[in-house]
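Q: Residues per chain, in single letters:
There are 2 protein chains.
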Amino acid sequence: MYKTHFTSEVTPELDGKTVFLAGWIHTIRDLGGKKFILLRDRSGLIQVVVSKDSAAYNSVSELTLESTVQVEGIVKSDKRAPSGVEVHALSIKPFSIAKSPLPLEVSGKVESDIETRLKERVLDLRRVEMTSVLNISSEVIRSFRNTLYSKRFIEVFTPKIIASATEGGAQLFPVIYFGREAFLAQSPQLYKELLAGSVERVFEIAPAWRAEESDTPYHLSEFISMDVEMAFADYHDVMELLEDLVTNMIDVVKTHCGKELAELKHELPNITKPFPKISYSEALEILRGKGFTIKFGDDIGTPEARILAEEVGTPFYFLVEWPSFTRPFYTKSIDSNPDLSESFDLMYKWIEIASGSTRNHNRKVLEENLRRKGLNPENFEFFLRWFDYGMPPHAGFGMGFARLMLFFTGLNNVKEAIPFPRDKKRLTP
Amino acid sequence: MYKTHFTSEVTPELDGKTVFLAGWIHTIRDLGGKKFILLRDRSGLIQVVVSKDSAAYNSVSELTLESTVQVEGIVKSDKRAPSGVEVHALSIKPFSIAKSPLPLEVSGKVESDIETRLKERVLDLRRVEMTSVLNISSEVIRSFRNTLYSKRFIEVFTPKIIASATEGGAQLFPVIYFGREAFLAQSPQLYKELLAGSVERVFEIAPAWRAEESDTPYHLSEFISMDVEMAFADYHDVMELLEDLVTNMIDVVKTHCGKELAELKHELPNITKPFPKISYSEALEILRGKGFTIKFGDDIGTPEARILAEEVGTPFYFLVEWPSFTRPFYTKSIDSNPDLSESFDLMYKWIEIASGSTRNHNRKVLEENLRRKGLNPENFEFFLRWFDYGMPPHAGFGMGFARLMLFFTGLNNVKEAIPFPRDKKRLTP
Chain W
1 MYKTHFTSEV TPELDGKTVF LAGWIHTIRD LGGKKFILLR DRSGLIQVVV SKDSAAYNSV
61 SELTLESTVQ VEGIVKSDKR APSGVEVHAL SIKPFSIAKS PLPLEVSGKV ESDIETRLKE
121 RVLDLRRVEM TSVLNISSEV IRSFRNTLYS KRFIEVFTPK IIASATEGGA QLFPVIYFGR
181 EAFLAQSPQL YKELLAGSVE RVFEIAPAWR AEESDTPYHL SEFISMDVEM AFADYHDVME
241 LLEDLVTNMI DVVKTHCGKE LAELKHELPN ITKPFPKISY SEALEILRGK GFTIKFGDDI
301 GTPEARILAE EVGTPFYFLV EWPSFTRPFY TKSIDSNPDL SESFDLMYKW IEIASGSTRN
361 HNRKVLEENL RRKGLNPENF EFFLRWFDYG MPPHAGFGMG FARLMLFFTG LNNVKEAIPF
421 PRDKKRLTP
Chain X
1001 MYKTHFTSEV TPELDGKTVF LAGWIHTIRD LGGKKFILLR DRSGLIQVVV SKDSAAYNSV
1061 SELTLESTVQ VEGIVKSDKR APSGVEVHAL SIKPFSIAKS PLPLEVSGKV ESDIETRLKE
1121 RVLDLRRVEM TSVLNISSEV IRSFRNTLYS KRFIEVFTPK IIASATEGGA QLFPVIYFGR
1181 EAFLAQSPQL YKELLAGSVE RVFEIAPAWR AEESDTPYHL SEFISMDVEM AFADYHDVME
1241 LLEDLVTNMI DVVKTHCGKE LAELKHELPN ITKPFPKISY SEALEILRGK GFTIKFGDDI
1301 GTPEARILAE EVGTPFYFLV EWPSFTRPFY TKSIDSNPDL SESFDLMYKW IEIASGSTRN
1361 HNRKVLEENL RRKGLNPENF EFFLRWFDYG MPPHAGFGMG FARLMLFFTG LNNVKEAIPF
1421 PRDKKRLTP
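Taken in order, these protein sequences are the chains called W and X.
This note's numbering puts the first residue of the first sequence at 1, with every later residue one more than the last.
This note's numbering puts the first residue of the second sequence at 1001, with every later residue one more than the last.
Read the hints as simulated data drawn from the structure, not as lab findings.
In this text, all values refer to a predicted model and were calculated from it rather than measured experimentally.
Where is the CB? At the ideal position from N, CA and C, for every residue including glycine.
Hints may contain errors.
Claimed, not checked - Far from chain X by the CB rule (all over 10 Å, computed), these chain W residues:
hint: 1; residue: PRO12
hint: 2; residue: ASP53
hint: 3; residue: VAL60
hint: 4; residue: SER61
hint: 5; residue: GLN70
hint: 6; residue: LYS109
hint: 7; residue: GLU129
hint: 8; residue: ARG180
hint: 9; residue: SER214
hint: 10; residue: MET239
hint: 11; residue: LEU264
hint: 12; residue: GLY291
hint: 13; residue: ALA309
hint: 14; residue: THR326
hint: 15; residue: GLY374
hint: 16; residue: ILE418
As the list claims (entries may be wrong) - Okay, derived cross-link-like pairs now, SDA-like style, lysine to any residue, Cα gap no bigger than 25 Å in a straight line:
hint: 17; chain 1: W; residue 1: LYS3; chain 2: X; residue 2: LYS1259
hint: 18; chain 1: W; residue 1: LYS3; chain 2: W; residue 2: LYS17
hint: 19; chain 1: X; residue 1: LYS1119; chain 2: W; residue 2: ASN362
hint: 20; chain 1: X; residue 1: LYS1151; chain 2: W; residue 2: HIS26
hint: 21; chain 1: X; residue 1: LYS1151; chain 2: W; residue 2: MET1
hint: 22; chain 1: W; residue 1: LYS151; chain 2: X; residue 2: SER1043
hint: 23; chain 1: W; residue 1: LYS364; chain 2: X; residue 2: LYS1099
hint: 24; chain 1: W; residue 1: LYS151; chain 2: W; residue 2: LYS17
hint: 25; chain 1: X; residue 1: LYS1259; chain 2: W; residue 2: ASN146
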């Protein structure tokens, strides 16, 4: 047993008790007859006082920043200490002595550029800002799942090595699968639809891959996709579900991650449901009114989305009813106006963080849509054949976890939101 | 809105109320003047009665098994009905009419062979046995996470595309990554260790890949790995954690999945902590006493493990302290007897379901271990360099989700425990 307490569990009530702590040397200060160590663990920091007359004093001289140690000490309530309590060391046992100087400062306030930080990532992740990001991430994911459990969704795992391209084939990573060519899944789309056709309500949080050529603050070549698929539902139902998911996550993070938000100097706004909805057609009108030349079928890029975000004035809004031909083949068109689709993007400011739709559950229409996109329905037979056997009406969405985390953390680049990001040039660490 | 209630929510208290249900036609019986439909949804089955004089009667004639419908009807409390309640249909709206006959029976008790079931998987997953498996799976995973949250672990995501082989290099799937060769991760091992070196306690539930040539009931080429890594801990600590995780999962499944276990005709035994521990050396003695010729360093295969399981008499036991040279390079040896390691396998009967150890946190020793295995430390520099900067003592394990599910469901083959399994010959569905 390396520790009896986390540092956050050492409270004034333990005054006089002996505790064992274990963690990293965050800072050391030498004030003549005494040394003050800030010891860091999973839960935070505590001040350890080492007197010249204690047996621990000699072992302190070899300690460097980020060395790992076990501290045996006596708890002293002290109003002057940062947490109202400090630990007077009886003995300090080092586990590993860190080389000095460190390639990246952990305790300092020195801002390193993102390239250096990603290179020195293990040290970077020890910085209080990054541990805050990881703590918030874990809570966000946890809340997402809890909301879905409460609505009878089950968690599933879909295959990541697939035989054919989900939505066309660009940007796929090839895998050599027992001598055959296969691909890494761009999304669990077709499999989650099939599972909704079996067990009605499913979700999955898993990696997905796109061979992104461009290096932007919003793209990763390996990303975590939060996927939901729901039978007997349409795009309105899943937009409502998304609103519940997002607002519940905000509540949970506000409740449980106050310390982390403060470390990040980040505040979460109050969000009310429903989120504003702007139709694609309305968006074109707004943009044309602002002088943009944009025609039906054009994508809404970042400059355009910035204008729309300003117009809406809330962090989250839906862009709904996109032109049918701009959406994937499984998207359902609006019956009364087939040029438009029952689709949406959830926008956080100018960033698309989720995309969803009512799915088409008619085999004939799916085949037509594939042909219209120049794809061969025969290659999708593993998917299409089930539409002969009772596929329900269904709807769903995929949300990008790292993009969502930009909202929750105030970070500006998705590469910071993932411990070890992957992009065109980055395969290590 | 397609439904006002799930079928399980239709209780005798709703007597006389109008409800909207949506689901699949599980069975239809024609009793002269009335038709009886068992309607199936995510939550179970309910009897729908269609009288000859109702407007719904005509639409029923076109309905086939597994067609999807919306039923509007009036709830009638009726003690003769299977759930004490039935719904008298006012109207039935079909969404999709399933082709007949079905390639696999959903409602029947006909047992199909596993090859047929995996081929017709979307129908197979609708069978009550398989929905029970999926429901239990989701609860097992949920309990695993909840236990870890309560012990201050955070959920993390590690990269799945890696530049070099984790533990040697056999059985890797190559990926073409922007024109470069990379690999799919066999395990998150090295990354979870680094994260434990940053934030102390982490877990991940994610896919991992091994190019398994052999077709056994216990191997998948893509599998879900439940990974835990814990700083300031040794193998005894993580074995204790595993005991807590497993017994909590059993409690949760017993409490929440009674119906599912009954459908599977499966009972979970009472398990007490701690689980028995047999050292590798003791295991050799037992096996030699039973007439096996087995020498120090040999693996303990299925025939041997069957004998040990019988000897122990409990479903779960640990095989501990394996020869150091048989374990991966990151495994810590026992200081007082370096031929043996601080390692364990958690066995369920004769099946290894988890494997773990204290990890070595001394760079020099790690480099020696790599060389001893014929591996070049330079290729592991992305991992080793952090051991210069305060890696704590740490320990962890990886557990195979599908194997664990054999215990919880009574299934005999891991391919049944995953919706769409991948093996040497299977890339679809």
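Q: Quick check: which numbered hints come out false for this structure?
A: Failing hints, ascending: 5, 8, 16, 17, 24.
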